[in-house]
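The task is to assemble the complex, starting from two chains supplied on their own in separate frames and drawing on the hints.
For the record, the sequence lines run as chains U and W.
In this text, residue positions in the first sequence follow the numbering used here: the first is 1, and each later residue adds one.
In this text, residue positions in the second sequence follow the numbering used here: the first is 1001, and each later residue adds one.
Certain hints may be false.
Said to hold, decoys possible - Ranges between beta-carbon positions, derived for each pair:
(1) Lys134(U) / His1036(W): 58 to 64 Å
(2) Val21(U) / Glu1100(W): 19 to 25 Å
(3) Met19(U) / Asp1041(W): 26 to 32 Å
(4) Glu1100(W) / Leu61(U): 35 to 41 Å
(5) Gly51(U) / Ala1078(W): 19 to 25 Å
(6) Glu1100(W) / Gln138(U): 50 to 56 Å
(7) Arg112(U) / Lys1033(W): 43 to 49 Å
(8) Met19(U) / His1036(W): 32 to 38 Å
(9) Ala1078(W) / Arg112(U): 34 to 40 Å
(10) Pro1052(W) / Glu115(U): 18 to 24 Å
(11) Asp1041(W) / Lys134(U): 57 to 63 Å
(12) Glu1100(W) / Val116(U): 33 to 39 Å
(13) Thr131(U) / Asp1041(W): 47 to 53 Å
(14) His1036(W) / Gly51(U): 35 to 41 Å
As the list claims (entries may be wrong) - Below are the DSS-like pairs computed for lysine-lysine, each with C-alpha atoms no more than 30 Å apart in a straight line:
(15) Lys52(U) / Lys1089(W)
(16) Lys18(U) / Lys1045(W)
(17) Lys78(U) / Lys1082(W)
(18) Lys219(U) / Lys69(U)
(19) Lys52(U) / Lys1091(W)
(20) Lys1082(W) / Lys52(U)
(21) Lys18(U) / Lys1082(W)
(22) Lys1101(W) / Lys18(U)
(23) Lys1082(W) / Lys1045(W)
Keep in mind the hints are simulated off the structure, nothing from the lab.
Think of the CB as a built atom: it goes at the ideal place given N, C-alpha and C, for glycine as much as any other residue.
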Amino acid sequence: MNNDFISQIDSLRSTLGKMEVALGSISDAIVWTDETGRIQWCNAAFDRLIGKPHITILGALVVDLMPLKEHGPSIPGKAHPIGSILNKKTDKSGYYEFMRGNRALQLQIVGRYVEVGPTEPSVVVVVRDMTGVKEIEQIRLQSRALEATANAIVITDQKGFVIWFNRAFTTLTGYSLDEVYEKTLNFLKSGAHNNGFYENLWKTILAGRIWEGETLNRKKDGSLYTEQQMITPVHNEDGDITHFIAIKQDISDRKESEETLKDSETRIRTIVNTAVDGIITANDRGIIQSFNPAAEKLFGYTQDEVIGRNLNTLMPSPYREEHDTYGLS
Amino acid sequence: MSVIDQLMSESEVPVVISDQRGIITHINEPFGKVFHWKTEDLIGKALVPLIPPNLQDAHQMGFSRFYVTGSGTLLDQALDLKVLTGDGKEKLAEHTISAEKIDGEWVLGARIRPL
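The shape of chain W in the complex, shown without the other chains (with noise of 0.2 Å):
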């Protein structure tokens, strides 16, 4: 099973999935209920209401990096990090971001554990 395969079958630990582009494709229901989001508020937009303020530049230019160059160095490592919830909020939480290339295009998923 591919790496995005176990992503989207995941249903214990809060997953979030994006296009190359960065445009959010799915969210699971742990995901909704930890961070407050709904399903139709996020599928279709851009990963950067996720993120705060102060790091969305960077979020960016670095995930911009990995359209271009198809390497990141953020990849397949626990990192802390802050999530913006649907209510406003910032959670730190453990991020595990993976990227795989599906019929020629990438796609990149995270399990984000709350912490």
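Just chain U, with the same shape it has in the complex (with noise of 0.2 Å):
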């Protein structure tokens, strides 16, 4: 080797050495990952991270190294920053969170997809740990309460594909997130409404308002349910529509009630309008609220004429002027 060889060798080796000398210094954890999401290098801060040895860190799949949650559940491969990044080809940030043995670190993550040279796609990845800040504490018990809710909460991108949803959706509907990222709600349609129903209800949306309704659906296990459905959309400062967030509560068991009191109601009023004796109801304050026919017959009011109006309309007089003080004296 000669002297000039041997002298630029050095320069490079002393240029990259005070580099990764200089990454390990500082806080935030760097990871630089390769095509198929595999580490390259990593700085000390990631190594402290993951709370791994850095030998055993470098190549390693990002996502079987730090599994993330979002707002609750635990995300699919397609969800994580990394694979995001590298299915789309596109930057990603947002917050996560990171179960170090039985510790949750609340995580800001950006990333960054870089292309080394035309053929060599790759990811940089910095994550912060902001664990204990209060904003982000702040986030976190929001992200608890969306998750412990009741409703079914479903947040979708601006074409309608699922991003999110707590583990009440889970619960009605028997889907998992991992199953149904990135698809439309299609697989939940149970046939019952007409495309005018969906036309409708999209266009509402697509044009920035609440819609609000019934929908017959599907579950995973092939049962029906109804659910009670508002959807919101959300704009991004521009004005632009960028999600759309969905509150579903089962009704199937309010539906079931009303349809049986229907039912119920049919057959008294079947009861009452074929009666030969005439059937009057009224109020505590003694305004009638039903009139049969046979009491129609009987007195000869129409419904219309005695509905709204006193009992005592009824009565001749004196009795009319009597009627009201019945029972005080």
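The following block contains the structure:
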């Protein structure tokens, strides 16, 4: 080796070594992966974050080494910042939870898609441990609330592709996030509603308005259920719709009770209307609320003439004047 | 006998020795046999061809840190790492890497036992 060559190597080693020392001295964790998401390099802060020796981290898949949760549930590999960046070739940032042993760490992750030359896509991710930061704890609390709420909550992107839902959605439908991530909610369709129904729904929310209504949907096990749903568009600072939030409540039991009540009411109304005796119902102030056909025949008034009037309308004088004081003396 | 002298005289276990720039200065006969490398293909060359591609960048950074600071995190402990063989395969082996300063420059050597 000639001296020029040695000098060049010394210079390069010196530069790389200083960079490594500098990057190792900062508190943010930095990790760089190849096109498969395997770690090519990481700094000392990343070793500390993961809690494993540097040499065992190199070459490992980040999604295996650092599984993440977002607002509660574990996210699938496709939704992991690394998976998402490699898949879509775009940057991705967000707040996530990482369990290091029994300890939950709140992380801010900023990921960048980087092409080193034309054939070497890679990802550079900077991870900041935000555990204990007041604002993050607030977000964490809100996440817990979203996760714990009894109503099913689904967040989709502006095209309707699922990006998150809470545990109640899984309980309601039987689907896990891993199964339906980045799919539309079409998998819930039961066939009970026509295209016009969905066109109206989309027209409403794409216009930036809230859609509210009942939908008969199908669960993963094939059974049907009725949900009361409210879909709210979310806008960015420019006013563009970025996401939709759907809040769903299973009202199958309520619908069933309503139907049962309706049936009994119909049955009772039929009995009352066909009875030969005059049947009149009034409230506690003596105001007539129903008046059956037999009563019409008996008193010579039509329903429309007496409903809403005092019962004493049906009494001749002097009983009429005395009627309202019955039982007071 | 110094650590590097011991490695130079090792005849049973595969050994590779490099200078502080990461240039290979010695491999013993077992290394050539076990990992299918010819001495003339490695002497005077960088260590990189012995390292699987997805670890090469990390190796360069770590080696350079040692070059600048003189302190290594992987020295004198058994590490299970893959070696790229002369016929293009990856072979898992237990590495024990040592470093010693000789005439003002670091010399690094490793015993590499195939697993």
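Evaluation of the provided hints:
no., hint, in the structure
1, Lys134(U) / His1036(W): 58 to 64 Å, "holds (59 Å)"
2, Val21(U) / Glu1100(W): 19 to 25 Å, "holds (22 Å)"
3, Met19(U) / Asp1041(W): 26 to 32 Å, "holds (30 Å)"
4, Glu1100(W) / Leu61(U): 35 to 41 Å, "holds (36 Å)"
5, Gly51(U) / Ala1078(W): 19 to 25 Å, "holds (21 Å)"
6, Glu1100(W) / Gln138(U): 50 to 56 Å, "holds (55 Å)"
7, Arg112(U) / Lys1033(W): 43 to 49 Å, "holds (45 Å)"
8, Met19(U) / His1036(W): 32 to 38 Å, "holds (34 Å)"
9, Ala1078(W) / Arg112(U): 34 to 40 Å, "holds (36 Å)"
10, Pro1052(W) / Glu115(U): 18 to 24 Å, "holds (22 Å)"
11, Asp1041(W) / Lys134(U): 57 to 63 Å, "holds (60 Å)"
12, Glu1100(W) / Val116(U): 33 to 39 Å, "holds (35 Å)"
13, Thr131(U) / Asp1041(W): 47 to 53 Å, "holds (51 Å)"
14, His1036(W) / Gly51(U): 35 to 41 Å, "holds (37 Å)"
15, Lys52(U) / Lys1089(W), "holds (27 Å)"
16, Lys18(U) / Lys1045(W), "holds (23 Å)"
17, Lys78(U) / Lys1082(W), "holds (29 Å)"
18, Lys219(U) / Lys69(U), "holds (25 Å)"
19, Lys52(U) / Lys1091(W), "holds (23 Å)"
20, Lys1082(W) / Lys52(U), "holds (19 Å)"
21, Lys18(U) / Lys1082(W), "holds (27 Å)"
22, Lys1101(W) / Lys18(U), "holds (20 Å)"
23, Lys1082(W) / Lys1045(W), "holds (19 Å)"
Violated hints are absent here; each numbered hint is respected by the structure.
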